[in-house]
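One-letter residues, chain by chain:
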Amino acid sequence: MRKTDHGLSRRELLKRAGLTGAAAMLPAALSSPTDAAPEAAQAAAAAAIPREPLEALTAAEADVLDAICARLIPTDENGPGAKEARAAHYIDRALAGFLAPSRQAYAAGLADLDRRAVASRGTPFATLAPADQDAVLKEIETTAFFTLVRAHTIQGTFCDPFYGGNANFVGWDLLDYPGVRTIVTADEQKIGITLKPNHKSAYDYAMFNKATAGGHGDHGNEA
Amino acid sequence: MATRLKDTDVVVIGLGAAGGVGVLPIAQAGLDIVALEAGTWLSKKDFAPDELRNNVRDWPMAVQKAQHEIPTQRVLGATLRAPSHPMMNAVGGTSLHYWAQSWRLNPWDFKVVSETTKRYGAARIPKESTVEDWPFGLDELEPFYDRVEHEIGVSGQAGNIRGAIDRRGNIFEGPRSRAFPMPPLRGTGFTEMMASAARSLGWHAFPGPAAINSRTYDGRSACMYHGFCNKGGCHVDAKNSPLVTTIPKAQKTGHLSVVTRAHVTTIEADRNGRVTGVNYLTDGVEYFQPAKVVLLATYTYENTRTLLLSKSPAFPNGLSNNHGQVGRHYFSHNQTAGVTALFPKNLNNWYGLPAQGVAIDDWADDNFDHAGLDFIGGGNLWVFSDRRPIGAASMDTFRRAPAWGSQWKAFIKENADRTNSSYLQKTTLPYADNYLDLDPTVKDPVGNPVCRINATFKENEMKLAAFIQDKMEAWYRAAGAIEIQRQPIVPIMGVTTHAYGGTRMGDNPDTNVVNRWGFSHEAPNLGILGASVMGTSGARNPTLTAQALAWRTAEHLVKNWKAIAS
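So the protein lines, in turn, are chains V and C. Using my numbering, read the first sequence as starting at 1 and increasing by one per residue. Using my numbering, read the second sequence as starting at 1 and increasing by one per residue.
Hints may be right or wrong, so weigh each one.
Claimed, not checked - Here are the simulated lysine to aspartate or glutamate pairs, DMTMM-like style, with alpha carbons at most 25 Å apart:
| # | chain 1 | residue 1 | chain 2 | residue 2 |
| --- | --- | --- | --- | --- |
| 1 | V | K196 | C | D470 |
| 2 | C | K471 | C | E192 |
| 3 | C | K345 | V | D204 |
Stated by the list, open to error - One side only, chain C facing chain V, incomplete, derived with CB under 7 Å:
| # | residue |
| --- | --- |
| 4 | A48 |
| 5 | L52 |
| 6 | R186 |
| 7 | W350 |
| 8 | Y351 |
| 9 | G352 |
| 10 | A392 |
| 11 | A393 |
| 12 | R399 |
| 13 | R400 |
| 14 | W404 |
| 15 | K559 |
Said to hold, decoys possible - Chain C stretches covered by chain V per the calculated footprint, using a threshold of three residues with CB under 8 Å from any CB of chain V:
| # | region |
| --- | --- |
| 16 | 198-207 |
| 17 | 213-226 |
| 18 | 262-274 |
| 19 | 336-347 |
Hint data in this document are derived by calculation from the structure and do not stem from the laboratory. In this text, all values refer to a predicted model and were calculated from it rather than measured experimentally. The beta carbon of each residue, even a glycine, is placed where N, CA and C say it ideally should be.
Bound-form chain V, shown alone:
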């Protein structure tokens, strides 16, 4: 059964909300995925993204995870991928919270991937060329860990930015998702129209309660 971390304090939750705000202020150059920059420039920009302070993973583990995310949803001619979305940051933070029960699976899975890279290609996973990384990932494609990390990479790329992923809304822009709205008109539900993305998190709307976000919710057990 899924464990929920009732232990997390309200203060901690708000602190995390604050961190999200910081993560959202990444360089503006990364926020225009529709201007399809050449792949090399995209990759260079991605490499320049500073890593947020880690909350669950070790730096070595985070290197492997960053590299996996970047191959699952690559930065390419279709624009930014999981790297720019900061999916690995989402996962790291979640592993210290809602996804804490998966922490051990990550420790084992990331170590295993690195061992495979060293065994078959003589170098850690993160330093392999993308094609070699893909080959090693193919070896573990049917494992439970791969299924887990794929699901979490999708979450980190396409979730509400409140959770530390989908930075600068690059995930939502990839899908042409027009964004969280609180009112939608009849015209906005017609086929053939194009809605301008509003780049809003649910929690940019003042009416919603951040304290119950994140699935940490001890709320249901309050008096």
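Following the hints, position chain C against chain V.
Only chain C this time, still in chain V's reference frame:
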């Protein structure tokens, strides 16, 4: 030793869709009610449009008491357990995050045995099925459907008002006494496209009924169509839940006292077989709430479990179970065996809600001739506008792309807004060997066994599922779908929001737990509310029927107070 609380007229266990509605006529009649609810009060500020929290992480269900009480499933020799419980503990219960589809059953659903026998012969009813006609027909329940539709606010297009057929609505529905209190929710580009495809097949498309305001109603806002109704609460209170409709009204009478965080364990009965009150825990402290009448309204699985846990000298095998019927005649909708389509253009389904859809009833119930077929019953076909980004990115790739990498990314970039999944609700019959009991080993944190589901879909359900998939595929193809994916048809009847039976209603105490009024055949001052009293499923969502029955049971209690309470 439990603290004995002050006596009350009626104690209601569970303030969800059924209990939350049932309290209103009782409070309005001036009887004092104590309502025990395991959850707490939530409000619209808690219902952020947050896909990760609501749809991926199952908040707020995941943090509830119910999560420690998930039923187990004994299936084909193995014991399984779902990762989450579809029921929710809160004032308003699961209706806080339900889709709010608010259907009446069709006339056939009340008379499956007699109508099938009349039209095709008794041999067409599967031998192992324990299905019975209801003790009354749709006409008896109609006034209660009507009352509840107006109390909670249901939007829809009538198809049959006192026998006058209106082709804009469901031509197969039974006669209703008047129109819906509100017009239907608006259509979308996608639902209009699907309705037009259905008409090209000669089928009757219509907007489904929803307990969601299509315009301002009873002081509550109209729907904003923002797209987070699916497993989320309403941020403007446009969606009904008793939390925002019947419970506040009942509180205004001064006769309803709501106790939250009350974890009910057992119902007490005396040596004469009358119930005397309810035991519950709050933060591990024991309380006993005495009452003249007990109404059990906890959800199908928990209604059976609570009765089986409540043993006494008068009821050694569990409350109201001296005929061995508690837990029997369990069934659920076969919500598997879906059909998904890929279209060659964007559908613009990013907003909207599961109740904003278009329905086909041509293949439901006995609305078509089964003479040449090898099953009875049918399915309601339903498509709707509903999409969110994590779900969209997790879409099936229809064998057109790998599961990750650049090709996958290109595929979802192109197709994220081009798929649609149908919701196909199908008749399920009760069978002698499909039942609920207590798990022999798995217990909740206070040491009580959880409910166990012993049930599979049988031949009738499996054949019907394949038939309905054919119809759904034809509908999608007519609308221009370029790929179709059918989910497998499997016999596993898992834990679900559409769970029925266990305390079936009927005149015969040898085969039913409650009488035609919803009161126990064995413990006369115990009433049971919820879909657990329903003996057939129809091919549509159960909530409105459970609510109409709850209102009827409550009204019966009020009218017969002296006889039932003493």
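Status of each hint after checking the structure:
1. As the CA atoms of K196/V and D470/C are separated by approximately 38 Å, the hinted pair breaks the 25 Å bound.
2. Annotation: proposed proximity of K471/C to E192/C holds, straight-line Cα distance about 18 Å (limit 25 Å).
3. Of the pairs offered as hints, the one joining K345/C and D204/V is violated, with about 31 Å between alpha carbons and a cut-off of 25 Å exceeded.
4. Contact between A48/C and chain V, as hinted, is supported at the beta carbon level, the nearest pair being about 4 Å apart and thus within 7 Å.
5. Among the interface hints, the one on L52/C holds; its C-beta lies about 4 Å from the nearest C-beta in chain V, closer than the 7 Å criterion.
6. A least Cβ separation of about 6 Å between R186/C and chain V falls short of the 7 Å threshold, and the interface hint therefore holds.
7. Because the closest C-beta pair between W350/C and chain V is about 6 Å apart, less than 7 Å, the hint holds.
8. Taking 7 Å as the C-beta cut-off, the interface hint given for Y351/C holds, the closest approach to chain V being about 4 Å.
9. The restraint placing G352/C at the interface with chain V holds, with a minimum CB-CB distance near 6 Å, inside the 7 Å limit.
10. The restraint placing A392/C at the interface with chain V holds, with a minimum CB-CB distance near 6 Å, inside the 7 Å limit.
11. Given the 7 Å rule on beta carbons, the hint for A393/C holds: about 5 Å separates it from the nearest Cβ of chain V.
12. Hint status for R399/C: violated, given a least beta-carbon distance of 16 Å to chain V, over 7 Å.
13. Because the beta carbon of R400/C sits about 16 Å from the nearest beta carbon in chain V, more than 7 Å, this interface hint is broken.
14. Against a cut-off of 7 Å between C-beta atoms, the interface hint on W404/C holds, since the closest Cβ of chain V lies about 5 Å away.
15. With a cut of 7 Å, the hint placing K559/C at the interface with chain V is violated, because the nearest CB-to-CB distance is about 37 Å.
16. Coverage of the region 198-207 of chain C by chain V is violated in this model, with 0 residues showing a Cβ closer than 8 Å to a Cβ of that chain against a need of three.
17. Judged by the Cβ-Cβ criterion of 8 Å, the region 213-226 of chain C is covered by chain V as claimed, because 3 of its residues qualify and three suffice.
18. With a cut-off of 8 Å between beta carbons, the region 262-274 of chain C has 0 residues touching chain V; three or more are needed, and the interface restraint is violated.
19. Remark: the region 336-347 of chain C is confirmed as covered by chain V, as 3 of its residues place a Cβ nearer than 8 Å to a Cβ of that chain, reaching the required three.
Hint compliance for this structure: hints 1, 3, 12, 13, 15, 16, 18 are not met, and every other hint is.
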